[in-house]
Each structure stands twice: as C-alpha cells, then as structure tokens.
Amino acid sequence: MSFNARITLPAQAKAGEIVEIKVLTRHPMDRGGQSDGKGGTVPRKILNRLTATYAGETIFRLDMHTGVAANPFVSFTTRAIETGDIVFEWREDGGATYTRTARLTVT
Amino acid sequence: MSSAISPHSARSDPGIDRRSLMAGTAAGLLAAGLPLPAAADTPELAQLIARVTEGAVPERARIKLEIPALAENGNAVDTRISVDSPMTEADHVRWIHLIAEKNPFPDMARFHLSRRAGRADVSTTLRIAQSQKVAAVAALSDGRFLLAEADIVVTLSACIDGG
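Read top to bottom, the protein sequences are chains X and L.
When we follow the numbering used here, the leftmost residue of the first sequence carries the number 1, and every step to the right adds one.
When we follow the numbering used here, the leftmost residue of the second sequence carries the number 1, and every step to the right adds one.
So that you can see chain X by itself, here it is in the shape it has in the complex (with noise of 0.2 Å):
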C-alpha cells in the first residue's frame, strides 16, 4: 500500500506571518494485540515520528505512540521565513521512512 498524506497550509504568507499547517496521514497506526480476523494478532506497526524541515532548520517534531489515532492528524504553526519546501518526514517502526514536501510561498 503506497503512503499518502495531505497537507494543508496557506498558498501563501507574508514574511513573518505566522501560519498554520494541518498533516493527515494515512496509517492503520497498529497499535499490537489487535485480533486479525484469523485467531491471531496484529503487531504493532505505527508511525513513531514527524519531523517538519523549512528554510534549513527543523521547525517542527511529533514523537508519537501507540496512543495517536490511526490516520494520524497533527496540526502546528510556522513563522514564514521564505519562499520553499517544508520537508515532512515520517519514520515507521522497523525504520521506514517517507518523505513529502509542501510549497509554502512568502511575499
């Protein structure tokens, strides 16, 4: 199953502007013991980490367990700083990792 995830933030922001960006991501986020249908157990499979990358510092980082919902939703704000890519990166349990990146524009 390929990884997908929306992000929504401002087209764009005046320098300094502080703006909000919202990440919903697809993830069973398999927290362990759940019954699989078949007399056994899923194992636990979640995505552990967020780190969000812009104007070359990380802006922001979610640590999460298996207390975050499947399809995880996580909201934080940014100062505008200049126009570019904020870089999101997720890490799963067993070390995948998946990248996407956002435009944010700054006038």
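Please note: incorrect hints may appear among the correct ones.
Examples of chain L residues lying across from chain X (beta carbon under 10 Å, computed) [said to hold, decoys possible]:
1) Pro68
2) Met108
3) Arg119
4) Lys133
Derived CB-CB ranges, DEER-like [what the hints assert, rightly or not]:
5) L/Arg60 with X/Asn71: 29 to 37 Å
6) L/Arg60 with X/Lys38: 19 to 27 Å
7) L/Ala76 with X/Lys38: 33 to 41 Å
Hints listed in this document are in silico derivations from the structure and should not be mistaken for laboratory results.
Every residue, glycine too, gets a C-beta built ideally from N, C-alpha and C.
Got chain X sorted already, so can you dock chain L onto it with the hints?
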C-alpha cells in the same frame, strides 16, 4: 531525547487485570450514568507527570488542554493544546507531552516546537482507552514546566479486542 515515548515505557506494574477492570468500569458508568469524580491526581498520574518533568513540580497555568468531556469513540479523540508563550529565543515552549493515565502506554505523544513556531498551539487525534484523566505537560525554555489536565468519559473504549 524522548525516552518516555519508547516502546519499553509501558506501565511498570500491571496490577489488576486491565480488561476486567475496564469492562467493569465501562458497564458501571453506562449503567449508573455517573460522571467520574473530579478528584486530585492519583499517585499513578502524579508519577507519570514527575517522570517527564524529572521531579520538578509543574505550574497549573498558561497552558490550555482542549479535549471533549465526553467522547463516544475512544479511537479518535481530537485534542488541542495551547500555551500562552511569546515563543521568543529567551522564552519559549520546548515541548508539549501528552499523558493518558489509564491507557496501556500512558505516554501518548510529544510535540517538539522550534523558536520559529510563532505560537505554542498544536493539535492531534488520540486513542483513549477508557474514561480517565488526560494531562498535558509543557517544558519551558527556562527549565520550568506547565501542566493542564482534563477528565474525559469514553463510551466506546479504544482498546477492546477486535475494535
């Protein structure tokens, strides 16, 4: 470092069998329709908070934890945490940590903010195993901590097998 979020940070002593306690509590709450008593922190919650503050006593001010008082579905409970902070180099929130006292793994998430955040204002969606207290602890740049708590009643528990 986020050792409180590691896979090995489960509750140290299982104590009473969780499933029977949960089923009993859920049935009791539904049958009696009683709200949870708004009591002082249990020793377990106080210990969970002390673990993230490394013993420091947090201040119950300037941090707001928004979470519904009643959630029909514990699998997806929206929450928002905001801290009244200027978010400057000299005075900012370093991280915000969420604890669910009675979840199988009480440490739920930690938001690490940068000085470029502008505001300390984050939200996410949580799994809440049963009716309990949720706590948000914020670490400030000067080494102090803030604490906000909320009681939540859950009618459909997030951790019933098969759910």
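So, going through the hints one by one against the coordinates:
1. Pro68: With a minimum Cβ separation of about 14 Å from chain X (threshold 10 Å), the hint on proline 68 of chain L is violated.
2. Met108: This interface hint holds because 3 Å falls under the 10 Å limit.
3. Arg119: Holds, because the Cβ-Cβ distance from arginine 119 of chain L to chain X comes to roughly 5 Å (cut-off 10 Å).
4. Lys133: It is violated, given that the least Cβ distance between lysine 133 of chain L and chain X is near 14 Å, above 10 Å.
5. L/Arg60 with X/Asn71: 29 to 37 Å: For arginine 60 of chain L and asparagine 71 of chain X the Cβ distance comes to about 32 Å; the hint holds.
6. L/Arg60 with X/Lys38: 19 to 27 Å: violated, 48 Å
7. L/Ala76 with X/Lys38: 33 to 41 Å: The hint (33 to 41 Å, Cβ to Cβ) is violated, given that alanine 76 of chain L and lysine 38 of chain X are roughly 25 Å apart.
In this structure, the hints that do not hold are numbers 1, 4, 6, 7, in rising order.
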